[in-house]
Every structure is written in structure tokens, then in C-alpha cells.
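Protein sequence lines, in the order shown, are assigned to chains R and W.
Position 561 of the first sequence, counted from 1, bears residue number 561 in our numbering, the numbering being contiguous throughout.
Position 515 of the second sequence, counted from 1, bears residue number 515 in our numbering, the numbering being contiguous throughout.
If you are wondering where the hints come from, they were derived from the structure by calculation, not from laboratory data.
Glycine is no exception: its CB is placed at the ideal position from the N, C-alpha and C atoms.
Accuracy of the hints is not assured; some may be wrong.
If you want the footprint, here are the derived chain R segments under chain W, 3+ residues with CB under 8 Å [what the hints assert, rightly or not]:
id, stretch
1, 414-425
2, 712-718
3, 836-845
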Amino acid sequence: MLLSWIRVDLLALLVCLLCNVIPIAAVKHENFKRCDQSGFCRRNRAIADEATSNEDSWASPYTLDPATINVQNGVLKGIVSKSLGEGYGPVSFPLTITFLESGVVRVSIDEEKRQKGDIELRHGSVARKERYNEASKWAIVGALNNDRRASPSMAAEATTIIYGPDNSYKAVIKHFPFAIDFWRANEIHVKFNGKGFLNMEHWRPKIEKPAKEAIEAKEDQQPIENTDAGEDESTWWEESFGGNTDSKPKGPESVGLDITFPGYEHVFGIPQHAGPLSLKQTRGGSGNFDEPYRLYNSDVFEYEMDSPMTLYGAIPLMQAHRKDSTVGVFWLNAAETWIDIVKTKVRTNPLSLGTGRKIDTQTHWFSEAGLLDVFVFLGPTPRDIVHAYSDLTGYTQLPPHFAIAYHQCRWNYVSDDDVREVDRKFDKHNIPYDIIWLDLEYTNERKYFQWDPHTFPDPLGMQTQLDAHARKLVVLIDPHIKNTHDYSVVDDLKSKSLAVRNKDNDIYEGWCWPGSAHWIDCFSPDAQKWWTSLFQYKTFQGTAPNLFIWNDMNEPSVFNGPETTMPKDNIHYGNWEHRDLHNINGLTFVNATYNALLQRDPKVPKRPFVLTRSFFSGSQRMGAMWTGDNQASWPHLAASIPMVLANNIAGFPFSGADVGGFFGNPEKDLLTRWYQAGIFYPFFRAHAHIDTRRREPYLAGEPYTKIITSAIRLRYQLLPTWYTAFHQASVDGSPILRPHYYVYPGDEAAFHIDDQFFIGSTGLLAKPVVSEGANSVDIYLPAGKTFYDYFDYTVYRGVGKSIPFSAPLEKIPLLMQGGHIFPRKERPRKSSGLMKWDPYTLVVVLGDENEMHAEGELYIDDGETFDYGEGAFIHRKFTYAPSISSNAPMGILRSQSLTPPSKESKKAKAYLQSMEHVRIEKIVVINAPSQWDGRASVRILEDGQRERNAGLRYWKAEGGKTAWAVVRNPNVGIGKGWKIEF
Amino acid sequence: MRPFDHLLLLSTTLCSVVGTEAPRPRGVGPEFSKFYKATDSFKCISNPSVVLDIAQLNDDFCDCPDGSDEPGTSACSYLSDLSPTTPSDVSINDSVKTLALPGFYCKNKGHQPSYLPFLSVNDGVCDYDLCCDGSDEWAKVGGISCENRCKELGKEWRKNEETRQKTLGAAQKKRKELVADAARRRKEVEDRIQSLKTQIEGAEIKVKDAQATMLDVERQERGKVIKGPSKASKTGVLAGLAKERIEELRTSLADVRSQRDSAKSRLVELEKILSTFKEEYNPNFNDEGVKRAVRSWEEFAAREKPWEGDDAHDRDLDEISKPDSESGAINWDEWEKPEEDTDVDVRECTADSLHLSHKLTFSVYKIEEYLPGPVRDWVDKRLRDLRLLLIDNGILAPTRDSSDSESKAVTDARSSLQAAEDGLNDNKKELTRHEDDLKKDYGLDDVFRALKGQCVSKDSGEYTYELCWMEQTKQKPKKRGGDTGMGNFVRFDTIAVDDEVPADGKGLGSGQRVVLRYENGQHCWNGPNRSTLVVLACAESDEIWKITEEEKCVYRMEVGTPAVCSSSTAGNPASNQVKDEL
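Excised from the complex, chain R in its bound form (with noise of 0.2 Å):
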């Protein structure tokens, strides 16, 4: 353990070292917010202060009254009331406390007079006057039924209330100070205002003071302690940054609270930040952060590695993991927040049974406004809070096949020759791909849904030569608005009225792209509907049902805007501050775009695929994202890896960076690194910034075109394995790629490993290199399991510890772990829809003696519409296990249906039909066993058909390679149930 802790801190060390000696571009500091120059943050971060530097004197001010508590079918109500001290009546907070069917609870805490209206604004706002209370309406499509066995129990201290999975959690709700602990099997998981952080701010009126009394009180910045009226005024009411003044018209709102996890020592999640995965402490110290981390959806130019900083998307979701325990919270707030962490050694407690020290991790959230409403979840696993979170906000979107494959980009293919030219170089170097995409210049002026007549002059000729392959377009569409008169759309939005509103409820003019521009506001569903229109092949014209959409732009960014966002007292639909929902207006116009692209076929609908740049719980429900504007270099493409990582833990698996890197250009090892790293980027994506030098893979020249050709073939070659946790991403939330603490929960040494991962479910390890001129990797293998390299099958035994492993620059770290079993079609082809039907290989990854047994899954279906949801699909599993008997078979495989039969639809029966030819190809057993040796044949009994035998051949071990075996062409149908005796 100790060992760990010094590895950890050296570790982040050497990291801050790097950082220091190698120049990259530096993000412009003067344009974000530290927490300082944002006076709630600055505000509650001082009520921390004082409660930490007072511990024993401290008390929160807030009550909850027993008598006011009422428990109802998983509900509990109360109010809880905050003292002002003397002289102030208390104000009142109605608490909400759900208990949930899934076993997780919803503490929600609304205001009174604002839930009431029963307040003034400033400057004649038009704002609404309640509390944001719809971010759940976005955020939160199912999972919400009460837990109505959930049973109280009152004593005058607090309130007890047993719930959850055979009632094995228990929530103790302090009644003073208002306090919640959460309990499972007789320990405390998760305390919320332990610290007493708890912190809303209720309203106000503006007391304008004598202009004497304001410079005493200026002179005077220490808050009295515990006084309405000497606390520090001057972010209340007014707040400049950068030139822009937020004229605040609802005074101080935020809400803020401490959530305590005792005895866990990592935390992961929040994302979006370029950091390790494992959350580090923000209130200063060695090799801590000294801000807390911030989610407030920003277009930051040029971020920084190993920062709190804010980036494009967030999801406030977080992770606290020790040795076989996980639990997590989800703080669902729109506005800016922030978290402080601190990780405190405390002295054992004498009356737990642990020995030695123990680590509490401290959070602090608090957000700027809305309501404070946090769900808990008591796991016991990672997958168990993934899930539960998925539950309640949505799986990611089952996307449509192509999607999953290889994605060339660029800023810009100048023209539809261009693009032509590019799509035969692919065919001509047999290089596989998909998708092409057109960036911001394909556009007339800059004016959205319009082609530029000059460079684009034949759109759909463009699009129907891609459809020859079955490749696609995906083409950018941002929320801004050309301002300019001869333009319909910016004349329909301004007409209907469907743009954000300033603060003086006029149209928001800001300055983007397009220069002057308007921004739709896709809170409003007359909007949404209007944004439909637009994307009718009649009304887009020059598209194809290949064509696709990028929505970037969408935290949203505005040039001229407050840290490049749009001003907090803005307006949108409903008459809600921009404050109050910034972080859900990326969500918003994916939404209105996926909607759209629907209704472009509504006959067959097909899945529509929209890339997003800002994200917010939810958002994982529409399709991809990605890290936004990175950097050619070595460290950002290290830093790819725990940021699609932290997605992955956090709902969010469709996830990747820019292979490549935006700005700058790489190197040619740089960039065939990032592509053997890329192609495991659930969205694999290349992409480059509008002043860099050409670098399709064709263009890298040998040996690198060659690399990076086999290394997006092998992306190519594993997609049925891809496209299997795809769905099971979109069943149950699952991750794409798994850190290793989701994997081995109780696998200590290795919780802050964030730069290998697994894939899906299927026993693949990847570990790329990240680092310049490394000729090998070191990979962490759990103690006890036995790993084979993807290519040559050497074998690696895990002890618990890194061992090193060679990779020259043609050779990509993977490994397979005995125990799977994973699908893969070898054939290359042009592009991904056209292996639908090619055969497939079985991989069969045996472990030791011990471990002979193995097992993975198959999901496919057509790729591109909804007839899944009508059972058209196949979802195979397959089993391997050894003999037990000496006179019956050595080894049997078996597929298996994952379908209920009863399930089978008019479309299910045609689907399966049509797959019918589909069959596989090849069994290649890893780690065969050596009684195989001599044998020729097997034996195939498959439903409907004649017994009948297929070729076997083994290959022996040697040199540290394992045996293996092949079964030649057993032909069994990849819809069909079957068995394969060796």
C-alpha cells in the first residue's frame, strides 16, 4: 500500500516534470476562470475554509424539522431551514429524499420563496424566478420508480430508513445539523455534509448601502462568522470577467455540499479533464492540484495536459473505489460547478475492526444555481454504478454500424474533387474506411445548409461515389447562425422567434464563424421542430441519406463571449437563465439534430449518426464525442488514453481524440503511434486543423503507411468484437474499453492504471505506446491470469506487477486473456459494409490448466435501422469447455442463442434469413491442448443439419509461443446453434 502511494506520487512527479521541459502550446489562462475570479466558487470554498480551520466549533446552519418529515411511498419530504442568525427568520428548503426500485437514492433541496415565486428581480429581468428544476427533464429518461418498500424509522436525532437490494442499505438522515449518511453492510459508504459544507443560498433583496458603510465594508473583507450581514457582498450582485459584466438579476444562488467517502482512497469520473483518471486533490500540496476541478462547457483553445481545467463536455458523475467496493454520486446541475477533493489519512478508528491508517476522500460540489440534487449509489462494483447511472440517464446510442469504422477527417477537404480524389487513394492503397468529413469550408459563407457553390458544385455526385462503397459523408452543422440578410434560416429564426435571447429579452447577437451571428435555442421545442425542417432532403439540399452530421460549436462557443460562451444572463425558452442550464446546451442541439436526422427517412428510419463536442449526462443517448482541439504532440496523445477512459466510467463510452492530433503536425512515428493507439478509441477518428500539412495514411510513406494500414485493418478485422460491446454498451451501459480497476475491483496495486485498458468483454488488453521513441511498453497483468500476444501468441503470466513487452514501432501492445472467446472477420475489404457478409473467425483464447473453460458472445444485426428493437438481430454466445470424462469428446464448443425465441418478429424471421449464408470460416484455438496433437478432424453437429467433421491442425508450442489450433471451415451458420466436438 505504501509502496503504491510513493509509486503514485513519483509517478505524478515525473508527469510534472514533463510537462515543464516540453514546450507546447499554453492555453490562455486570462480567458477561464480560476475559482478566485468566480465569486461563488470564491464564496463557498470560504465556508469550507472556515468549517475546516473551526472543526470543533463549526456547526451548519441547517435543520431539518422531524415534525416536518413525511415518508410516502419511497418519499421523503421535509423542509429543511437554514438560521441566519438573530434578528433573520429561518429560511425554508424543502427536501426531497427518493428512494429508488435500482437501490439508489435522490436527495433533492428546492428554496421556497423562489419555488414560489415569492421573490424580486433586478433590472426588470424577464427570468424566470424558480429554481432550475428541468435538468432532469433532459438528463433522466428512466429508471425513477419509487422503492416503495423503503421503510422509516423517526428518533429525535434523525431519521432511518432501510431500503435497497434485501434491504441492505440504510440511509441515516441527521435531522441537526441536516446530514445524510449512507450505510451498507454495517459501514459508512457515503456522508453527506459531514464536513458541514452544506450550502444554499437563499434570496435576497439588494440592500443598497450608505456609500460610508460600503467602503468600511470593503475595508473589512473578513466575514464575521455565521452573519447574513457581514458576509462578503461584492460577487453577489454584479460580477465582470474579462470585460463582460453578468448583471446577475437573481443575486446569489448556489448551492453547495460535501460528500465524504470513508475509507476510499481513489476517485474517478467528472469528466471532462485532461488528467489522470484517477481524480487528484485540488486544494494545493506536491503533486496536487491547487484549483478544483471545474465542469463549465467551454471551447478552451490549446488545453493543457494534467489540468482541473474545464474542457467541452461534462458529466457530473464520480466514482470512489477501494479494494472490492465502489460507490458514486451523480450531482445533477447544469450551471458551473466545481469539486474540491481532498484526501485525508485519519487515525484508525478504534472501533472499526481495520488496522493501520485509512484514507477518507472529502468532495466538495457546489454549483452556481438550480436545485441541489445528487443521487447515490452504493454499488458494490463499478459496473454496478454504471449501470444503475445508465439506467437512470440512458444508454449510449446503438450506433449504425459504420459508424464503429474508420473515420478521415480534416479541416477541410476543399472540394467535392477533393474528396473524390481521397475516397480512390484509400482504394488505391487498400487502405479501409468509411467516412469522410467536411469541415466548416464546405459551407457558402459560412452559412449552414447551404453548399459553397464554387468548390462544392456537386454534392450529391460526391455523395453517391462514397455510396458505391457504402461510405458515408458526415458534414458540420453548428448552433450559430450566419447574421446576414439573403439568408432563410437566419430570417426563420429571427422571424419565429427560436434564438437565444439576451438579457434585455432581445435577440443575443455574438460573434462566430460566420462572424455576427444568432444561436438557436434547442431548449425550445418549436425550435427542435423547425430544426427538423431543415434537414428534409428537400430543404438541405445537395444531401444523401449517406450523409451524416457533426455538431460542434455547442458548449456553445461565442468568440467574443465570456471565457467563449454565451453571457450567464442570456435567455432561453421557458425564460431560464443561461446560468442555469449552460451545461445542458450542447445536449439540447445534438438532440434537436438526432431527432432531425429521423425524420429525414420516417418511413425506415434509419440510426442517425451526430458526433458532438459538448456532452452532458444524457448525451450519450445521440452518439459520439470527442476531446476536441488537440495537439500534435506525445503527451496529448498520452492524455487521450485516460480521457476516453473517464468517459467509459462515466456512460459515455462512444468516445475518442483526434488520431493525429489537431493543431500541429505530427511526426511520422508520432502519428503511426496514434493510430495504433486510435484504432482503440471506440470513435476512431483523424483529423486536422486547417493549417497542417496533408497526412491521410497514404501519404506517410513506408514503412509508416504500412503500419498504419495493418494497424486500421486490425480495427477492421475486430469490428464484429466492437460492434458486440457496442451493444452491450447500449443495453446496459457498459464500458467499451475498461480501466483495470472495472475489471479487477479487487486488484489494489493496480487502481490508478489508466493508460491500458480492456475491450468490452472479451479478454483483449491493449496498452499503446505514448511515448516517443519507446521500443517497449510495460503492462500490468493481474496476478494469476495468463495473457497470449494477439499476433504471435507468446505467453505472459500475470503476477500482479508490470513486466516489459517488446513493441518496435510496427508491433501494437495487445494481448488476449485466456477464458474468452472473441469473433473477428479476416477478409479486408474497401470499407465496413461491405464485410456484412463475409464469414467469420472464432477466436478461442484457452488459459491455463486450471482455466481451461471460455466464453464470449456475437451481437449483429442490419447496421442501420431500428429493427433490432423487433428482434432482428443475433446474439450468440459461445462456450468452450474442456472434457470431464475420459471416453467423451476432449473439448466441446457450443453456440448458443442469447435471444428469447418468443421474442422472433415478421423481421426477426427475415433478418435471420437473410443472414443464413453468413457463416464461420475458422476456429483458431489459443493454447491448445497438447493431446490435440495428431488429431485431424473434429466433429460438427449443427441445428437442422447432417453430423458431419471439419479439419483440425495444431501447431505445438515453441520458443514462448503457445500451441494453437485451427478447425478448418467448419461452415456452421453465425445464425445457427451448434456444437464442435475436439
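For this one, chain R is given, so just place chain W on it according to the hints.
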């Protein structure tokens, strides 16, 4: 894939013969039929030790390490060094994963047979480009059915081919004309060289004569001692004027310097603003105005800075700016004072440091005054001779070479010498130019001599691109802004190309192509000097087909021209037709 080109050609010629042979397995080309004759077993072509049951032939499972057992399926398409490596599960030894066959053989009856890459067999797409008979999709995967289109495609192809042949004929004819034109131009140059040589001979004689005349006249003149009128007052006036003028110049120099200095400091300030601007602007916002400004600034900054390290010059200016009294450069008093009685030579001798001659001349002239006329004339002549002697021997400086003191005779002689010399030099220069021109590479058959200086242009996007043969390439914006030089012609070269030719024949095709390299164009922001690679292929007329920016500021033009048409050189449209992307 190139090694198979000859096979393709071979297959074309064998086409009629194979019609009578026994049916070959699916996908086998006639030249490989000999490997597929046995009816009971099959030996892998490159690994004959691997013997397969005949049932394993085309059974859609790859058994041979060279893929030769699957000529009619895609089963072996993964055998490629572009595929992820895997323990060779079909080989006995360390066989190289190289396919023995060029591809899937499409018979294409009614058109030309060809090979389709195995990875396109049964992929659900009719590859009519290479397989007009649709035989590549024999398995009808996903229900696809590819009709035989060889009849129409063949007909179309033959029609196009006929046009192409006609075009080729015309193009070759044009080239002949160009070559003839070039030869004519060459002849003109050669003739000109001849006449120049003659002219030069004549001119050289003229120069010699003029030189002799000049020498003689000069010699006569040099000896003359002019006893000019007293110039004392005039010199004084001149000196006064000169002093005034110099003062004036000095003052304005000081003014200009101070203006320069303030301009300089403003420039420094502006440069600082601009370089900060360049550092801090956000290129991701891609504001065209901002980017254009940054680009211009970069280009500006890349140019040499004329004022840097100019201290020496400034010191000179300091020195010059000092009043003459301080610098001691000119003692005006000396000049403004009325002169003593003396003739022009005195001044000359004073300025000279030859004390001997000074004294001599001075004393001689003094004596002269006391002599009677005829004697004086005699003395005068003697003295002149003596003077010439002294001058000729370098003891005395010659008469000052100022026009006001030069006689008309000398001026005339000088100018006729100058004229003669100029004429000679011009002739020589022209000769060198023509001789160099003859040595210069104008391509095969000197053909580009006929095109030199002619330009072709093409609109592409927001620019018009211009190619001037043997001179330069340019990018001209349609909207606003000046032309951008994309390179100046440097040399000929050849490169290998491998492109498909569109139906209109406007494409490079495959093989070696003549290229013109244009380099050292305008410097590129954040990049190199612009350059253009002009790749040529045969066409009936000069035409830019395509312009691409392959890398930042590295352009490529694909250009058709009859200049490269020839049955013997690359660029023959007929060779473009070979379907060789296998």
C-alpha cells in the same frame, strides 16, 4: 502490383486462344491455367510441396500460403503485409505472404479481360470498372446480382478508344508541328549566332580603331597647358554656393535622420504589436481577416531587415553631419578667399603631393614670362613634350578629366569609342544568351522551345492558376489581392504515376511522366517557398486538368499537352488504358 502489367498485356493477346481450352477454375487467368490442369489434386503454385485435395480448390477457405487455391474467392485476400500479422496458419515454413495470382480473372467477353483484386470478390458491389461481366459477384451475397454489361461497356470503350486514337493521332501531329516549330526557332537562333559572330568581328575592329584614335587625340590634348582666365572670383562663388548647398544638405540629412529614427521606433513598436498579435491570436477561430494579417506579417518579418546592424553607417552619418570646421573635412576659408595669381595647374599641383613637379612647373612658368614670343612658343612646345614625358612616366599627374576642361576632339573620340564598345558588348551579350539558350534543356526534341513563354490557365475554387511554359506558375485570386508566384521553372524531371484515366482522357494514367519543376516561388507563411510540380501527359491541346495543394504551399498541376506525345515516350494515351491497379 506492377509486376503483373506484362501478364495483363499477355492475357489480352492470348484471349482468342483460350476460348478453345478446357474450362479453367473460376477466377483463373489463361496464363495460369497450366497450374490448374490436374483433376484430383492441386499443388500450391509457389509452394508445390503443399498438395491439396481438389475439393479444396475454390472452396472459400484459404489453404495455400500463396493463396493459389482460391483464385475465384476472397478467402485468401488477407494474405498481405498490409494485414495484421498472425502466425501463418496455412504454411509449412516461413512462407512469404505474397499472393501468387494477380487477382480474380474476369473474362469480360465482348470487352477486355482483366484482374480484380481479391478483396473485391463477393463484397456485394459490382465492380464494372474491372469486371464488366459481373462475374466477381458470383456468390450473390446479400442478394446482389451483377448483370453482364460487357457489351455496352465494351462498345463504349471501343468508341472512346477510337476517339482517343484519333486524338492521339492529332496530338502526335501537333507534337510534330511543335517539334518543327522548335527546330525552326533553333535554326533562327543558330543563324543569329552566326551573324552575331560576324558582327562581333567587325565591331572588334571598330573598337580597335576608335581606341587608337582616342589615344592619339588624348595624347595630343594631355600635353596642352591651358592658361585659363583667372578663376579666383568664380571659384570663390562656387565655393560659397557649395558651402551653402552642403549646409542645406546637412540640415536636411539631420531632419531626414530624425524622421527616420522616429519612423524606426514606430516600426519597432508596430512590429512588437504584430509579433505579440501573432503569438496571441487564436488560429482556431479562423477569422480570414486576422489570418491574412498574420500571414502578411510573417512574410514581412521573413524578409531581411535593412536597418539591422547599421551602426557603422550611423557613425558615418554622424561624421558627415558635423560642421566642416569640426570635422576638418573642408576648410572653406581656404577656398572662399580670393586666389593668388596662378593658372589651373597650380591648383592641381597643390592638390598633388608631387613637390618636385610642383616646384619645377611653377618655376618653369615663372621663367617663361620673361621670354619673347617665338622663344616662348618653342619653350612652350618643349615644356609640353617634357610634361608628356613626365606624365607618360608617371611622374606627373595628367590633366584633370573634367568635361569642361576637355576639348571637343577628345569628347568625340571618346563617344565614338564608347559607341563601338557598347555595340560590341551588346553583340557579345546576345551571343552568350543565344549560346546558353542552345545549350539549355528544352526537353526531348527541343519541343518546349516552341512553347516557351506561352501560358495556360484554369479556374479552381477562388483562384485562377496560370502555367507559363519554362517560366513561372501563378495563383491569381478572383476576388481581390495580388498574384502569388508559385515557382519559377528550374528543370525537367520524370516521375512515376499511377492514376486512372477518366472517360474524357484528361488524366495522367500510369507510367513515367515528364514533369517540370517550378521552385522558389513566393515564400509561404509557416512553410517553404512555394513550388509547383507540373506533371505532363499527352493531350491534343495545352490544358491544365487539375491543381492540388499536396502539402502546404507545394502544388501539383496535372497538365495535358501535345508536347509530350510520342509513341516512344511516356504519356501515350494508349498506355493510359491499361487497367493496372491490381
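Going down the list of hints, with the structure as the test:
1. Counting residues of the stretch 414-425 of chain R whose C-beta sits closer than 8 Å to any C-beta of chain W gives 6, which meets the bar of three, so the coverage hint holds.
2. Proximity of the stretch 712-718 of chain R to chain W, defined as three or more residues with a beta carbon under 8 Å from a beta carbon of that chain, is established by the 3 residues found.
3. Counting residues of the stretch 836-845 of chain R whose beta carbon lies closer than 8 Å to any beta carbon of chain W gives 4, which reaches the threshold of three, so the coverage claim holds.
Consistency with the previously given hints is maintained throughout, with no hint failing.
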